[in-house]
Amino acid sequence: MILGIDVGGTHTDAVLLDGLIVRKKAKVPTNHEQLLDSLLAVTEEIFSDLGPDVLERVVLSTTMSTNAIVQGTVSPVGMIVAAGPGISPDFLRINDHTHIVSGYANHRGIIVSPVRDEEIDRVVSLIKDAGIDHLGIVGKFSTRNPGIETNIADRTADRFRHVSLGHRMSGNLNFPRRIATTYLNAAVWDIYNSFVNNINRFVSRFDGGYPIYILKADGGTFEIAQSVKCPVQTILSGPAASIMGILSLTECGEDAIALDIGGTTTDIAIFAGGVPLLEPLGVTIEGHKTLIRGLRTRSIGIGGDSRVRCEDGTIIIGPERAGPAAAFGGPAATPTDAMIVLNLAEIGDREKAVAAIDGISHKTGLSMVETAQAIYDSACEKITAAVQAMIREINNEPVYTVHELLEGKTIEPTALYVVGGPAEAMAPRLGELLRCRSEIPEHAEVANAIGAALARTTTELTILADTEQGVLTIVEEGIQIRIDSGFDREKAREVCREHLEKRAISMGARKDEIEIEITEDQSFNMVRGYFTAGKNIRIKGQVKPGLIAGLRKGTEA
Amino acid sequence: MKGTRKTGLIFFPAFDWAISPTHPEREERLLYTQDQVFEEGLLDFDNITEFKPGLATIEDINRIHVCVPDAQSVITESHLISAGGAITAADVVMQGKVDNAFALVRPPGHHAMRIVHGARGFCNINIEAIMIEHIRKKYGHRRVAVVDTDCHHGDGTQDIYWHDPDTLYISIHQDGRTLYPGSGFIEEFGGPNALGYTINIPLPPHTSQEGFLYTLDNLILPILDDYKPDLIINSAGQDNHYTDPITNMNFTAQGYAILNEKLSPHIAVLEGGYSIESALPYVNAGIILAMAGIDYSSVMEPDYDPEAIRQSPQITRYIEQEVKEIYQLWKDRGTKKAEITEGAGYLRRRRGIYYDTDNIEEDQIETIRICEDCGGLLTIDSRASTGNRVFAVIIPGQSCPACRKKGEQFFESIDRGTYDHVYFQDRDRDIYQVK
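In order, the protein sequences belong to chains A and B.
Here the first sequence is numbered in our numbering, starting from -9 and rising by one per residue.
Here the second sequence is numbered in our numbering, starting from 1188 and rising by one per residue.
Read the hints as simulated data drawn from the structure, not as lab findings.
Careful, some of the hints might be misleading.
[What the hints assert, rightly or not] Partner residues are not named here, just some residues of chain A that face chain B (Cβ under 10 Å, in silico):
1. 34
2. 37
3. 131
[As the list claims (entries may be wrong)] Across the chosen pairs, the derived CB separations fall in these ranges:
4. B:1210 with A:460: 47 to 55 Å
5. B:1449 with A:418: 54 to 62 Å
6. B:1264 with A:382: 18 to 26 Å
[Said to hold, decoys possible] Below are the SDA-like pairs computed for lysine to any residue, each with C-alpha atoms no more than 25 Å apart in a straight line:
7. B:1239 with A:511
8. B:1284 with A:253
9. B:1593 with B:1559
10. B:1593 with B:1614
11. A:481 with A:534
12. A:17 with A:380
13. A:399 with B:1236
14. A:525 with B:1206
15. B:1239 with A:383
16. B:1324 with B:1502
17. B:1518 with B:1410
18. A:481 with B:1202
19. A:279 with B:1192
20. A:279 with B:1239
21. A:525 with B:1465
22. A:534 with A:289
23. A:279 with B:1410
Cβ atoms here follow ideal geometry from the backbone N, Cα and C, with glycine treated the same way.
Chain A on its own, in the form it takes in the complex (with noise of 0.2 Å):
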């Protein structure tokens, strides 16, 4: 049986599953002070009459990094930005001990400057007096050549607890992102490796020998012990837990809308044929634009307990939460109580929602009833606003061939899954605003749990292959070999997918269930004067965002 346990927030859940059959689930308030706690507690519920050692695996998802980035509570991080001539330096520097040093690789991952020894001692002072103890070192167009950040790195590790390396973080280019990332990595490392370590000490009290997985922001898992070198990849997971759970809860298998509906949010994910979309980039956290792969996500500031207020004759609903809803004893009127008082909701105190419905009616010129409405209607319609202007925006992409330009691939979502609090009263309005038919997955308040529990590890690789220079370059692995002038793409497939494997092994799949797809394969001939001087290869393979194999509702034995 699988454990699924989501750290959210507000609640802690946790699933026990056999197979897709939910056999137990539970939820406990998180207390953030003693995280401890909240996992012994609700995994007491959990085993209250079963032995922990039915556990094949234990999924974890966390918020730990997120709230730290969120509230500011992470480690001083130096950062050493190997820059090379582009945008000015102002805008890479993410903190006060970031240090511009000479050195870069230009977009064919030639050394054009290499690094300064002594300029590196010296920032490494300046760092270390600083009282610093984590280290970020990026340099431009590192993806294409690790040597700088490699160079630097072998002269500085040893004077640090720990350096986290930007090459490793993703195979994407994206200079001020590859910072950004780099940074949040060394930023949240202590932190996380303290989360770790009270896990560790969680598990111990079972019987151990099942491997425990921490789930990504890409709705993807990896071991544990993985993620201690790269926890950056954590933050984020919390809405790819619910959106995986609605994956695992359903029979997706077509364009299709997500929405989890919240109390102050409603957070919305796409699916394209049953997978969900990432983000084409990387997610963005307190600002910060990152290369950290993630499902595509937007949140929007309406939820339930949403406050209603009315100006000038017109309703506006959030962005904030003044509290819970009337109806439980709230300040103010919100979602919630509209549709309490339009008999789609039997919770809360109804007296108390009419109450607060009705204080807005003097200002709307409506009925209470129909003030109800027009709250519920227009909550509705917001939520479907922002659903099209994702869709819109996703088809909208930019292509860069004449062949996906003139093919077009469009999302057309038919179907709607909703989970959340509201999700049964606003689904069949959303629904025919959506023209999609509406689901409400069964065991949606433990959706993300159960997302968690059900995820398969994923894994990115980038393989770039130069054959004028005669390099291959395994990017987030570091690695460069020698090829011939014979390689071409064929073999660079090949390699990807060779290492691919091995990396999603390392990750913490199982062989069986690795499903390599190619989402880059280009080759382009380098043509110098009028006479081909090689190959310039570039191949990104992944293990998508999915569900364990077999573990999806439709697919069970």
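With the hints as your guide, set chain B onto chain A.
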């Protein structure tokens, strides 16, 4: 990350299109530019937005070109996308979504003339002209200035706007005695009805940043101040760069950025530029930053050495003299025009046009009605080595009733005779007919 202007970027590298596998205009051309743009994170700036190019239509092409035998047979899909990219750039500017936009698209277009029998100078259709006429059709008439900073004379754009006083065409390029297409001399100064509204500034080989910026400050910007266009378009070729393999100039990425900052075009459209690895990544990054009002002072080629490409004092003197001469010519355009057109009803020119990319020769006789009120009714008799012979009747934009009436009557009465086709193009009424 912020800048001072909202800039739209239409990036279409056409990674699956080439004239031929080893042609300069091939798949690889914008590969390293894409790398640089992505790596610098330019698309993450709040004031830079990328837009997906639309597709131009055959109607868009027929609004300005006469393609022989028809538009479908002289283009590929990639041309519709690059023209469509330019149109998208225009739309986002005209609709106020951005302050300016850069269509970083290929294939280019500025050697494509009004009549198109095939490809010249890697160009089939003129993407800027198609864009300009789209703007006029959709948003109303605009006075437009095209500043062509490609190293090659933009003879196609010159040809299309030769008779149009409402489109000022300024080309700065390597002297035509030393480079394709061998035209663009000072004396090419516009047709009789639009004398002065074509300005050619041939610069000697090895002109550096100093010479380009001197010309900009002392000639191009003053002329634009006089002309007061509604829109400025930069036909942004990048082959004046010191590393370009098929030209001989010494311009730099910094220079291109400064030029775009000073010129401040509403729309820039990529033209040529074939130093795909050593120049384009840096030039394009510089132009994008300059257009968006973001500090570009750190954009520099890895091998940049100002001493190695310094301009000689002789070149400096030559340019200073030339700039003075051309500015005087511009000032005198009214009197010069009177001398040429006095007493004339129609004027005719005959010329040979060579399509180097497709190896076609064309013999063209162009007749313009001398008109004080509009660009003038134009007819073209064109015979190509492909065996095609066509005749075109073209009523200009903002046409006067007399030119329109004569053009309509002429097309009505004309017999196809020995011509394969007779075309009628009416820009104001957006009519395109073929006999």
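Structure-based check of each hint:
no.: 1; hint: 34; verdict: violated (46 Å)
no.: 2; hint: 37; verdict: violated (47 Å)
no.: 3; hint: 131; verdict: holds (6 Å)
no.: 4; hint: B:1210 with A:460: 47 to 55 Å; verdict: violated (25 Å)
no.: 5; hint: B:1449 with A:418: 54 to 62 Å; verdict: holds (59 Å)
no.: 6; hint: B:1264 with A:382: 18 to 26 Å; verdict: holds (24 Å)
no.: 7; hint: B:1239 with A:511; verdict: holds (21 Å)
no.: 8; hint: B:1284 with A:253; verdict: violated (34 Å)
no.: 9; hint: B:1593 with B:1559; verdict: holds (15 Å)
no.: 10; hint: B:1593 with B:1614; verdict: holds (15 Å)
no.: 11; hint: A:481 with A:534; verdict: holds (22 Å)
no.: 12; hint: A:17 with A:380; verdict: violated (32 Å)
no.: 13; hint: A:399 with B:1236; verdict: holds (22 Å)
no.: 14; hint: A:525 with B:1206; verdict: holds (18 Å)
no.: 15; hint: B:1239 with A:383; verdict: holds (11 Å)
no.: 16; hint: B:1324 with B:1502; verdict: violated (43 Å)
no.: 17; hint: B:1518 with B:1410; verdict: holds (9 Å)
no.: 18; hint: A:481 with B:1202; verdict: holds (21 Å)
no.: 19; hint: A:279 with B:1192; verdict: holds (21 Å)
no.: 20; hint: A:279 with B:1239; verdict: holds (22 Å)
no.: 21; hint: A:525 with B:1465; verdict: holds (17 Å)
no.: 22; hint: A:534 with A:289; verdict: holds (23 Å)
no.: 23; hint: A:279 with B:1410; verdict: violated (44 Å)
Of the numbered hints listed earlier, those contradicted by the structure are 1, 2, 4, 8, 12, 16, 23.
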